[in-house]
Every structure is written in structure tokens, then in C-alpha cells.
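S.K.: Sequence:
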Amino acid sequence: MKLWFSAKELAGIGGLSKYPSNINRQARKERWQSQPLKGIKGGGVEYAFSSLPEPVQVELQRKFAVTVVKSKPKAPLALHQVDLNTLTAKQREAADARMALVVKVLELEQAQPRYKAVNFLCEQIKHGEVSAELMRLVELANNKKGKNRTLSDRTLGQWVLDYEKADTPEARLKALVPMKRMAKKAEEIWWLPDFLAVYRQTNGINVAEAYYYFSKEWDMRFFCGVVLLC
Numbered sequence: 001m002k003l004w005f006s007a008k009e010l011a012g013i014g015g016l017s018k019y020p021s022n023i024n025r026q027a028r029k030e031r032w033q034s035q036p037l038k039g040i041k042g043g044g045v046e047y048a049f050s051s052l053p054e055p056v057q058v059e060l061q062r063k064f065a066v067t068v069v070k071s072k073p074k075a076p077l078a079l080h081q082v083d084l085n086t087l088t089a090k091q092r093e094a095a096d097a098r099m100a101l102v103v104k105v106l107e108l109e110q111a112q113p114r115y116k117a118v119n120f121l122c123e124q125i126k127h128g129e130v131s132a133e134l135m136r137l138v139e140l141a142n143n144k145k146g147k148n149r150t151l152s153d154r155t156l157g158q159w160v161l162d163y164e165k166a167d168t169p170e171a172r173l174k175a176l177v178p179m180k181r182m183a184k185k186a187e188e189i190w191w192l193p194d195f196l197a198v199y200r201q202t203n204g205i206n207v208a209e210a211y212y213y214f215s216k217e218w219d220m221r222f223f224c225g226v227v228l229l230c
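Going by full-length UniProt numbering, the first residue of the sequence shown is number 1, and it counts up by one from there.
Honestly, the hints are just simulated from the structure, not real lab data.
We treat Cβ as the ideally placed atom computed from N, Cα and C, and that holds for glycine.
Check the hints yourself; a few may be wrong.
Label-pair ranges, simulated between beta-carbon atoms [to be verified]:
| hint | residue 1 | residue 2 | range |
| --- | --- | --- | --- |
| 1 | Lys8 | Lys116 | 24 to 30 Å |
| 2 | Glu54 | Arg25 | 46 to 52 Å |
| 3 | Tyr115 | Arg149 | 42 to 48 Å |
| 4 | Lys116 | Lys90 | 21 to 27 Å |
| 5 | Gln110 | Thr88 | 33 to 39 Å |
| 6 | Thr67 | Glu30 | 24 to 30 Å |
| 7 | Phe64 | Ala171 | 28 to 34 Å |
Under the rule of at most 25 Å between Cα atoms (straight-line distance), these lysine-lysine pairs were calculated in the PhoX-like manner [said to hold, decoys possible]:
| hint | residue 1 | residue 2 |
| --- | --- | --- |
| 8 | Lys29 | Lys18 |
| 9 | Lys144 | Lys126 |
| 10 | Lys116 | Lys38 |
With these hints in hand, go ahead and build the complete structure from the sequences.
M.R.: Below you can see the structure in the form of C-alpha cells.
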């Protein structure tokens with residue numbers, strides 16, 4: 001976010017006059033911090049953000065935040081420097097999307113504290129006030145079936161923390177990439193044979209009925225075992 005603004009840029013912001021000459025007059029009266037405008041013929045000055053009236057600062061921060069969330073997301077360049085051979089295309093897309101969202105938060109932090117930046121972005125996403133490209137990133141970052149177009153403050157905040165804890169491109173990628181869930185092999189489910197013995201009966205019961213009878217049988221077996229141990 002810019003730290004210096006000309007009277008023309010401040011016109012109509014936060015209750016200020018629409019005319020630069022009136023803004024310059026107010027600035028001299030209230031002694032805003034100023035410096036000469038660079039590269040402008042005929043002189044002129046610009047004013048420090050920190051010396052502007054509070055309503056003006058708030059409005060400038062809001063305008064900056066809205067511009068950030070509506071702008072095209074920046075690609076995380078760091079990903080080109082790491083070995084991605086072991087990742088699936090879906091994992092790569094999710095990691096890319098999460099990094100891009102983190103970058104958005106870091107941009108918003110230029111104008112407000114992190115917790116406010118995270119909350120602002122999540123609220124804008126929730127109400128559909130972001131660009132279509134950014135909304136697509138949210139879907140990819142969630143890494144879930146269906147089109148999940150929401151993001152919680154806690155989740156996004158954690159991604160930012162994970163990103164900042166990492167000190168190399170590879171570490172950032174590992175911190176943000178979603179891990180694949182490995183399905184258990186049938187032989188690793190120790191209770192499955194007992195359940196299948198009930199389910200495969202010839203009377204054609206469904207899964208829900210089979211589980212009911214299985215649980216009853218299991219309760220009886222466990223209860224009897226406890227009695228024998230007593």
C-alpha cells in the first residue's frame with residue numbers, strides 16, 4: 001500500500017473536499033506531513049498516510065483491500081524451483097491455490113493487521129465479492145469434492161502461518177500441499193471378516209441390517225469376555 005498521497009488522489013476520500021486546492025488548504029491548517037512530488041512539473045506536494053485524518057486512513061485502507069481481492073491472483077513463483085515429481089496434479093493445483101491466497105493476505109497486511117486481513121478476505125469470499133479467478137482458487141485450495149466456495153478464518157490463518165514458518169520454497173510447498181489419504185487395505189480392517197460373515201448370509205439382508213446384527217453379536221461376545229475375566 002502507498003504511504004504518500006497527492007491532494008488529487010485524496011479528493012472526496014473520507015469526507016475530504018472534492019477539490020485539491022481545498023485539501024491543500026486543510027493540510028496546511030492541520031499540518032499534515034508532506035514532501036515534494038517527484039517527477040511533477042510545477043511542483044506540488046504529497047501527504048504522508050500516517051498524518052491524514054483517521055476517516056481518510058480508514059477509507060484508503062478499505063479501498064486498497066477491495067482492490068487487492070478483486071485483482072488477478074499472483075502466481076507463486078517459488079513453485080518453479082522445487083521438485084514436484086512426487087505430487088499429483090490435484091495436489092499441485094491445491095498447493096498453488098493456497099500459496100496464491102496466502103499472498104493475498106500478505107498484500108492486505110500492508111493496510112491492516114493480519115487477523116483483520118484474513119477475516120476481510122474470508123468475508124469477501126463468502127459473499128462473492130472477489131474475482132472469478134480468486135473464487136476458483138478457493139475451490140482448488142479446499143481440495144474437496146464438489147465446489148466449496150467458502151474458507152474459514154482459522155484455515156486461511158493457518159496456511160499463512162505455515163507459509164511463514166518455512167524458509168525455503170520446498171519447505172513452503174510441503175507445508176501447504178494437501179496429503180493424499182491412503183485407503184486401508186481390507187486385511188488391515190481386523191473386524192471385517194466377522195462383519196462379512198453376517199452380511200453374506202443367504203437371506204439377503206442389506207448393509208444396515210447386517211451391521212445391526214454384527215454389533216449385537218459383537219456386544220455379546222465382548223460382554224461374555226469381560227464376564228470370563230471377572
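S.K.: Now tell me if each hint is right for this structure.
M.R.: Status of the hints after comparison with the structure:
no. : hint                        : result
1   : Lys8 - Lys116: 24 to 30 Å   : holds (28 Å)
2   : Glu54 - Arg25: 46 to 52 Å   : violated (20 Å)
3   : Tyr115 - Arg149: 42 to 48 Å : violated (22 Å)
4   : Lys116 - Lys90: 21 to 27 Å  : violated (32 Å)
5   : Gln110 - Thr88: 33 to 39 Å  : holds (34 Å)
6   : Thr67 - Glu30: 24 to 30 Å   : holds (27 Å)
7   : Phe64 - Ala171: 28 to 34 Å  : holds (30 Å)
8   : Lys29 - Lys18               : holds (17 Å)
9   : Lys144 - Lys126             : holds (17 Å)
10  : Lys116 - Lys38              : violated (33 Å)
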